[in-house]
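Engineer: Next come the chains, spelled out residue by residue.
2 protein chains.
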Amino acid sequence: MTVKKLSQIGELALLAKIKKQFGKKSESVLCGIGDDASVLKPLNKFLLLTTDMMVEGVHFDLTFTTPYQLGFKLVSVNVSDIYAMGGQPSHVLLNIAVQKERDLAFIDLLFKGIQDAMKRYQTVLIGGDLSAAPKDMSLSATLIGYADKYLLRSGANIGDKIYVTGNLGDSACGLQLLKRIKNPISLSRKTGSRNNMPSALRTKLTRLGLSWNVVEPLVRRHLMPEARNPAKFVQQATSMIDISDGLLVDLTRLCKESRTGVKIYEEEIPVSSGMKEAAMHMGLSPLALALAGGEDYELLFTAPSGKKVNAICIGDIVQSKMVTVNRKGKEKTFSARGYQHFQVRSERK
Amino acid sequence: MTVKKLSQIGELALLAKIKKQFGKKSESVLCGIGDDASVLKPLNKFLLLTTDMMVEGVHFDLTFTTPYQLGFKLVSVNVSDIYAMGGQPSHVLLNIAVQKERDLAFIDLLFKGIQDAMKRYQTVLIGGDLSAAPKDMSLSATLIGYADKYLLRSGANIGDKIYVTGNLGDSACGLQLLKRIKNPISLSRKTGSRNNMPSALRTKLTRLGLSWNVVEPLVRRHLMPEARNPAKFVQQATSMIDISDGLLVDLTRLCKESRTGVKIYEEEIPVSSGMKEAAMHMGLSPLALALAGGEDYELLFTAPSGKKVNAICIGDIVQSKMVTVNRKGKEKTFSARGYQHFQVRSERK
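Residue numbers (the numbering used here), protein chains in the order written: chain A, 1 to 349; chain B, 1 to 349.
Calculated from the structure, these hints are not laboratory results.
One should not assume that every hint holds.
One copy or two, it doesn't matter: identical chains are merged, so the pair holds either way.
Derived lysine to any residue pairs resembling SDA-like cross-links, with alpha carbons at most 20 Å apart [as the list claims (entries may be wrong)]:
id: 1; residue 1: K41; residue 2: S28
id: 2; residue 1: K112; residue 2: L62
id: 3; residue 1: K256; residue 2: I33
id: 4; residue 1: K204; residue 2: S26
id: 5; residue 1: K232; residue 2: G34
id: 6; residue 1: K5; residue 2: L130
id: 7; residue 1: K45; residue 2: Y146
id: 8; residue 1: K149; residue 2: G34
id: 9; residue 1: K25; residue 2: K135
id: 10; residue 1: K45; residue 2: E27
id: 11; residue 1: K256; residue 2: E11
id: 12; residue 1: K24; residue 2: N326
id: 13; residue 1: K149; residue 2: N44
id: 14; residue 1: K263; residue 2: F334
id: 15; residue 1: K45; residue 2: L30
id: 16; residue 1: K232; residue 2: A336
id: 17; residue 1: K256; residue 2: G10
id: 18; residue 1: K308; residue 2: A231
id: 19; residue 1: K41; residue 2: S305
id: 20; residue 1: K20; residue 2: E257
id: 21; residue 1: K232; residue 2: Y146
id: 22; residue 1: K19; residue 2: D316
id: 23; residue 1: K179; residue 2: R220
id: 24; residue 1: K41; residue 2: N183
id: 25; residue 1: K135; residue 2: E101
id: 26; residue 1: K149; residue 2: L43
id: 27; residue 1: K41; residue 2: Y146
id: 28; residue 1: K5; residue 2: L104
Predicted model only: the values in this text are computed from it and were never measured.
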């Protein structure tokens, strides 16, 4: 069996392949992939733009990430930023620098992951750039979206309630599991399926003392996060951010921009029972993972206290103090401890 | 003297610095740098989007490129794609992955180059992403622009004349000089100035037998290309592309999309006298550099034969053959020989 490398087909052939795979017609796109720039007829709404990078060795580790998952996540993290403004994603541009020694199968899976995520979020690929990478892969996506009403980080008011859209800490706990498993795990499209679990993985899970039912949702949340659509509460919300660097860090950002404080009730922070079990097994604190783990890609938003909101309330916007409240009612001041890419010591890795 | 490294200040401090440097108010920007996504009120025109990457070791070589020039070029090559659609650039998103061991001075110069180019093209920075890079730097910009009328590659008609906006081959010749000079050359803002020419460079130029007046415009065209604004002929034009991979390659692209052929008169191709002199000195063919050198960032466009057009006519769009015509009137069929990033043997490097 001959394994075809990227260097054997060249950039133009790869581009033709992508054009075929993604080149479906869309009436919003007057000119898509293949010219110097793409041309859209913009909607008469607020136009949202965001871009996020994923660099090998910084944002992902191919010893436990499949190319499919990488592609899926690249789209999700960018869509999450559009959602976090209260918008809906519409179009995608991609930049992909990849080693020319890569197998074509790797590239196919990467683009399959991108395509599946784009389908999920109903977005259309309109352009991008391909390049060789001498050493590490580097990927970025630019997402375009629209909003009738947009939500800034700065809109929170004293007296607002603060909400999250789902369990926190699953992704960070999943990452800790993956660092112990040290294998790529292919995940089926349906959550909880055991398809294709290699026997080496079975052995490792047994050794960890954890079942696949516990591990699967956690590693899935890390490897293939799905961004949360804010459509059902965007009208009620006053401010919003997505949780990428951990609840406390992103909460601090929101409060700083809004010039408010916040009071968070530890008991109200949603954590999954699987995360608790896995964290305990690894000697980690479920609360710490939920507060500071990061890469949750849940939405964190505020809404006036009288409104009925379809999300999980975890605290109140207050005048100035930044505190967590434990189950005994004891307040503790917190400060942001971020994941800063250039610092020698980082929280997230 | 202590040299400050990026790792000593961290991502957030760098972000704050950039926000201060670029965060000037613009009425088109409802939300710029610093939230999850940026928010624009789109104009009621065609919206143009493009993105291009520059990867260390593939697109640039820091042994003869200054960080200022790198930043300037990153913006120019992306603006060139907006111009090539007949549009005007308006907003910029940046992705920058850089080694954390870099001096702050390097980053400052990089962003100064970006800023100066952005001023030149009257664009506003609205967002982006910063990351550490384990090994090689990788940069990308996404450019947003608008057009009242947009020009595709596919619009050329048989009988149209074909035009370019300036001299070809200067950039490729400049690159050949830089590979021999093997030093970064700081270029002043004004073309032709001798400011800051280090004596080591003077010696190398003497050894090459070339004067600074000859060398400066050539290396400048490679290191700090300025994109060509199509405003003065966009109404007459029928199709357009920018010359990034060499005249013959980009001409082939335009003709393929337009389903036409082309006849190019070698005598009409504009080349600078300095390029001829430098190419001869290096034993290179000026014509080959002009036809296939690449990175010219001149515009290549077509217009009906009766129209008065403010550019240099180099040939005619014909039914099917792809030929160059030499001074004796002899036709020679050409084929595209592209710069493909993933192929082992490439033309451009």
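Engineer: For which of the previously enumerated hints does the structure constitute a violation, in increasing order of number?
Structural biologist: Numbers 4, 5, 9, 12, 16, 19, 22, 24 - these are the hints that the structure violates, sorted from lowest upward.
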